[in-house]
Amino acid sequence: MSESIEHKTMGIQGANTDASDLPHELKDTITLTTLDKAIDFLSTYVVPLAPIAKWARSNSVWPLTFGTSCCAIEMMSVGMSAFDISRFGSEVFRATPRQADLIITAGTITRKMAPALITLYEQLPEPKYVIAMGACTVTGGMFNDSYSVVQGVDRIIPVDVYLPGCPPRPEGILDALLKLQQKIRTESLIMQRKRAYNQRAVRYVDYDTGKPIDAVKDLVQQAKLELESN
Amino acid sequence: MSETPASPSPANPEKAAPPTELPVGPYGQFLSEHGIPSKRLPDSTGVETIEVEPAQLEVTLKRLRNSEEIALDYLVAVSGVDNTDTFDSVYHLWSYSDPNKELVVKVRIPKASVAAEQLPEVPSVTPFWSAANWHERESYDLVGIRYVGHPYLRRILNPWDWEGYPLRRDYKQPVDSLNDKNPHSFR
Ligand code: SF4
Chain A
2 MSESIEHKTM GIQGANTDAS DLPHELKDTI TLTTLDKAID FLSTYVVPLA PIAKWARSNS
62 VWPLTFGTSC CAIEMMSVGM SAFDISRFGS EVFRATPRQA DLIITAGTIT RKMAPALITL
122 YEQLPEPKYV IAMGACTVTG GMFNDSYSVV QGVDRIIPVD VYLPGCPPRP EGILDALLKL
182 QQKIRTESLI MQRKRAYNQR AVRYVDYDTG KPIDAVKDLV QQAKLELESN
Chain B
23 MSETPASPSP ANPEKAAPPT ELPVGPYGQF LSEHGIPSKR LPDSTGVETI EVEPAQLEVT
83 LKRLRNSEEI ALDYLVAVSG VDNTDTFDSV YHLWSYSDPN KELVVKVRIP KASVAAEQLP
143 EVPSVTPFWS AANWHERESY DLVGIRYVGH PYLRRILNPW DWEGYPLRRD YKQPVDSLND
203 KNPHSFR
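Those protein sequence lines, which keep their order, are chains A and B.
Numbering-wise (the working numbering), the first sequence opens with residue 2 and increments by one.
Numbering-wise (the working numbering), the second sequence opens with residue 23 and increments by one.
Simulated from the structure, these hints should not be mistaken for lab results.
Nothing false has been slipped in among the hints.
Facing chain B, from chain A, some residues (calculated, C-beta under 10 angstroms):
| no. | residue |
| --- | --- |
| 1 | R112 |
| 2 | K113 |
| 3 | A115 |
| 4 | P116 |
| 5 | G141 |
| 6 | N145 |
| 7 | D146 |
| 8 | Y148 |
| 9 | S149 |
| 10 | V150 |
| 11 | V151 |
| 12 | Q152 |
| 13 | G153 |
| 14 | R156 |
| 15 | I157 |
Taking CB as the label site, the calculated pair distances span:
| no. | chain 1 | residue 1 | chain 2 | residue 2 | range |
| --- | --- | --- | --- | --- | --- |
| 16 | A | Q100 | B | E143 | 50 to 60 angstroms |
| 17 | B | P76 | A | S82 | 52 to 62 angstroms |
| 18 | B | P76 | A | D146 | 29 to 39 angstroms |
| 19 | B | R191 | A | C167 | 22 to 32 angstroms |
| 20 | B | S89 | A | R95 | 56 to 66 angstroms |
Given the structure is predicted, the values throughout are model-derived calculations rather than measurements.
All C-beta atoms in this analysis are idealised placements derived from N, C-alpha and C, irrespective of residue type, glycine included.
Please construct the entire structure, taking both the sequences and the accompanying hints into account.
This is the structure we're talking about:
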């Protein structure tokens with residue numbers, strides 16, 4: 002495996018991007034698990050096995066335990082036995098982003114929460130997906146024009162499936178999950194690469210203040226250059 | 023003081039004619055008996071509302087809380103209001119021993135007396151009534167009233183470096199890529 006997605010996602014464009022060439026400081030930021038690497042390898046280089054790999058991946062989308070307000074109640078109920086999200090392999094709500102594949106942004110994202118959400122998103126291992134759940138995270142919802150609410154979560158992280166509703170019914174979440182699974186299964190390699198590139202760390206918001214940076218700088222690239230010059 | 027205060031009937035005629043001097047209510051009378059001047063304000067819910075000077079706030083609240091016959095010993099809320107020409111700090115008091123006892127105490131700072139780039143200043147009641155701690159921080163955060171003597175007056179809801187006071191009338195919300203106000207927004 003000469004090149005893998007995570008290097009592109011890190012924004013490091015070098016001639017040889019083997020993991021062993023990475024500077025020591027960046028090593029712990031590579032979060033692809035061995036299994037993910039295997040699936041990546043299968044779906045990329047062993048083309049006949051790609052559907053199987055994608056099928057495996059799409060049926061084990063583990064969400065992050067992330068709920069910031071009322072929508073989270075519906076997200077909890079979808080994990081209970083009445084709606085039973087485990088029928089679709091997503092019952093394992095992980096409490097750490099390192100083990101999750103999916104963020105269901107269940108709830109209002111305020112400006113104060115935005116830096117934390119971006120950090121969580123960046124800590125997810127590749128491949129990572131986002132379902133924007135509820136009117137609040139799709140457009141701002143009933144907090145439209147509010148001074149403190151991010152008017153749509155796609156302003157700070159890329160979104161795969163939009164799920165409107167206030168709150169959406171649990172069936173809606175299941176539907177969004179099925180749509181996401183369909184997307185995972187049918188995504189071509191080019192689309193996958195493109196998405197991974199788009200999903201590199203989103204730098205629109207300053208980490209400390211929560212305020213957006215108008216001139217978007219590639220900070221990782223900058224850090225790489227600094228490391229090289231040392 | 024044995025009257026039962028805050029009965030709705032005496033409040034209604036006052037509402038009809040606000041410019042005239044309002045009669046002193048039972049709590050105002052209690053305070054003036056103890057040498058604290060106060061002014062009765064109209065209130066629509068039938069709860070007696072008085073205004074006191076900022077310098078008198080501490081002694082007023084202590085007197086109302088500690089006296090045996092009044093015993094307004096529960097501070098329900100401290101809130102801030104941006105009126106058109108004043109900043110108000112409002113204290114809702116209630117009594118554990120008699121649930122019918124209620125009082126609203128207001129401190130009003132005229133906007134004309136607040137220098138530019140300065141915050142209106144109200145003495146903090148937190149040192150002797152710790153229930154006010156977070157309420158005063160919230161009022162400081164959203165309305166921008168500086169509570170002098172508060173042990174930890176810092177923004178409580180907004181991020182610590184937030185600019186401006188969102189519940190003020192002249193507040194302008196931020197214009198950036200997180201809302202639709204910015205013509206150069208990413209979408
Ligand atoms: S969309 Fe509605 S239910 Fe969901 S977080 Fe917003 S207000 Fe709450």
